[in-house]
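Below, each chain spelled out in residue letters.
There are 2 protein chains.
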Amino acid sequence: MRTGKACVRFKTFQSRSPALNSKPNSMFNLDSLCFFKTNLQSAIIILHPVSTKMIFKKNLLCCFYGNNSFKKQRSPEQSSPYSITMLKVPEHQVAGRQAIDGKLGPLIDNSGHFYKPLQDDDERGTRELTFYHSFSSNTRIPHHIRRFFPVFHGTQLLKASDGSGLRPHLVLQDITSDHLNPSILDIKIGSRTWYLEASNAYIQNCFHRDKTTTTVSLGFRICGLQIYNESGFWKPERKLVRNFTADDVRSILRMFVSSNVGPEPDFSFADSVYGGCDGILERLMELKTWFEDQTMYHFCSCSVLLLFDKESFLKGKTPFAEVKLIDFAHVVDGNGVIDHNFLGGLCSFIKFVSQVLADSKGSTMED
Amino acid sequence: MRTGKACVRFKTFQSRSPALNSKPNSMFNLDSLCFFKTNLQSAIIILHPVSTKMIFKKNLLCCFYGNNSFKKQRSPEQSSPYSITMLKVPEHQVAGRQAIDGKLGPLIDNSGHFYKPLQDDDERGTRELTFYHSFSSNTRIPHHIRRFFPVFHGTQLLKASDGSGLRPHLVLQDITSDHLNPSILDIKIGSRTWYLEASNAYIQNCFHRDKTTTTVSLGFRICGLQIYNESGFWKPERKLVRNFTADDVRSILRMFVSSNVGPEPDFSFADSVYGGCDGILERLMELKTWFEDQTMYHFCSCSVLLLFDKESFLKGKTPFAEVKLIDFAHVVDGNGVIDHNFLGGLCSFIKFVSQVLADSKGSTMED
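Just so you know, the sequences run in chain order A and B. So the first sequence is numbered by our numbering: it starts at 735 and just counts up by one. So the second sequence is numbered by our numbering: it starts at 735 and just counts up by one.
Bear in mind the hints are in silico, worked out from the structure with no lab data behind them. Note that this is a predicted model, so its numbers are computed, not measured. There's no promise every hint is true.
[Claimed, not checked] Calculated cross-link-like contacts (lysine-lysine; reagent style DSSO-like; alpha-carbon spacing at most 27 Å):
1) B:K837 with A:K1022
2) B:K1058 with B:K1022
3) B:K1058 with A:K1022
4) B:K1022 with A:K1022
5) B:K822 with B:K837
6) B:K1049 with B:K969
7) B:K945 with A:K945
[Stated by the list, open to error] Quick partial rundown of chain A residues pointing at chain B, CB under 10 Å, derived from the structure:
8) S933
9) I937
10) W1024
11) F1025
12) G1070
13) V1071
14) N1075
15) F1076
16) G1078
Every residue, glycine too, gets a C-beta built ideally from N, C-alpha and C.
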């Protein structure tokens, strides 16, 4: 819900209102906007809220009306008589295609939803949607496994962030929405990101990438990350991330649970975040046990996302560390065979995390 | 030890004895042979023992003197005054290069030794020897894991079976020697048989083979097998084995523990061979636990060999089922990372075996 006097600039706009179409890139305050909206259906407006300087700098925002039709709502708390759902580029997206510079990418709202555009090349979109439909209705998924996956709310036709017009978006749980300043690791699991059903060009492309990253050697690769510290987020460039070695991975797993960023991590949060019955290792082991048995899906090119919010931790909130699976555009039928590729990579990653936890204990004992 | 009156025919022969060199393809009885041997050093003689018709048909035998020099031995039990070690082509070899038709391959003796020629292309020989040296002296290998590996007795210079002259051979435990009519499965574990250190040509070759067999899809492939039944061994051609599908693999795992060979296996031995605390599944789980932890070696293109001797079983002998690891020509340094490729494939194979065991129990309940 967004109301008030924020000024907005229309960047791209298509509506049935001649008044609005004639004023692209104009400035409006939000009350004016609401007034205009009463005349609109299914409008998507990309705007810059100049009153929020940080957001203005970082994100390109858009707002739209829920359910493809404008609904007039009134409540005592609302200073404006109209309901508006704000969409913006995810602030904490660390990997994958981003909705910036006119590109197609996911958007989020302020209600904990993540809108992922369905990709139409390589049948990825269909594949991911098929997976979510299958998974959502699959009664063989244990409850404790389901919580590793973002909640699926269906699809919604939204104007794509690349200006290409209306496009179906998966409506998913925004798994970062409960975190203020989350440190995040996005780890693509498996020593092979291609699959037999894929095109030859796709296989060759993945084959090359797998060999030149840590995918083949470690059974996983870090795709993106951000680590929060007092001075803000450390979010290395993609090119740097792509060249990570095994030693870099170890360093990052140490930094992830340290209050300092540097060559000598203090492991402040290692025991709480990686260890213990609510820790990341325990979650990963739960996943591992499931992957040793399930033969329904093969999760090619899928990521494990680790989230850890230092501020939540310091305030004693739980869960302060989460493990989620994301990116199912390359999930294929398991055909009665376990996902040995994912499982092997997951076990390798578990070993890395275990070693960092052991190092942290050694480090504490030395202190 | 081979003595007595067996007649032998020299097929190829090179020695320092002009008397012998002048008589290729001649017939001698073993006493005569022993007499000639007193004049020889490091002789290898390929012979056909015409007195043993089955062996004559199946194998090409050779005999040689231990330690590259002839030693005169005498004991009350020996009818001949001379010690002879007989070498022959392994009767139960189900995969890999075979010492037939003038090709280079392994030989065995009657004392439980397996002589594997060191391959000199692609540095395979050096790699396998390095592995055996490293593994033999590695104090971090638990005892219960060491027994999965053939015992290594060093190397010996022997005349190669392809007639190329003297060549170093690994002297290993012949793991089939305790079995009379072993049913054997040779399963190459891992969804990738190549490794980053290999040549591009080798990688491309493996990449193609992995995609066109079950290696990529199942995380392992059956490389060879023989299954014993009343009418003898069923030992399918390599071309047939190479085209096995997932369903073929399931069928073979069923046939392996059945007394009949056909579309409706009786699972007679399933519970004893796959199940129980001495069963194959338990052994595989032990291996799995080790692979989840060990970061010393990556066992590329290595096989798990399952051996099961129905006759031993029927006579109540144990162990009647064995699990061994073989073929270490492509073992590379683990560099502190677990062998996620082997582990994933092993877990997939474990799942297959578990499912056959479960099927067998369902089948028994239906009966």
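Going down the list of hints, with the structure as the test:
no., hint, verdict
1, B:K837 with A:K1022, "violated (45 Å)"
2, B:K1058 with B:K1022, "holds (13 Å)"
3, B:K1058 with A:K1022, "holds (26 Å)"
4, B:K1022 with A:K1022, "holds (13 Å)"
5, B:K822 with B:K837, "holds (13 Å)"
6, B:K1049 with B:K969, "holds (24 Å)"
7, B:K945 with A:K945, "holds (17 Å)"
8, S933, "violated (13 Å)"
9, I937, "holds (8 Å)"
10, W1024, "violated (12 Å)"
11, F1025, "holds (8 Å)"
12, G1070, "holds (7 Å)"
13, V1071, "holds (6 Å)"
14, N1075, "holds (6 Å)"
15, F1076, "holds (8 Å)"
16, G1078, "holds (3 Å)"
In summary, the numbered hints that this structure violates are 1, 8 and 10.
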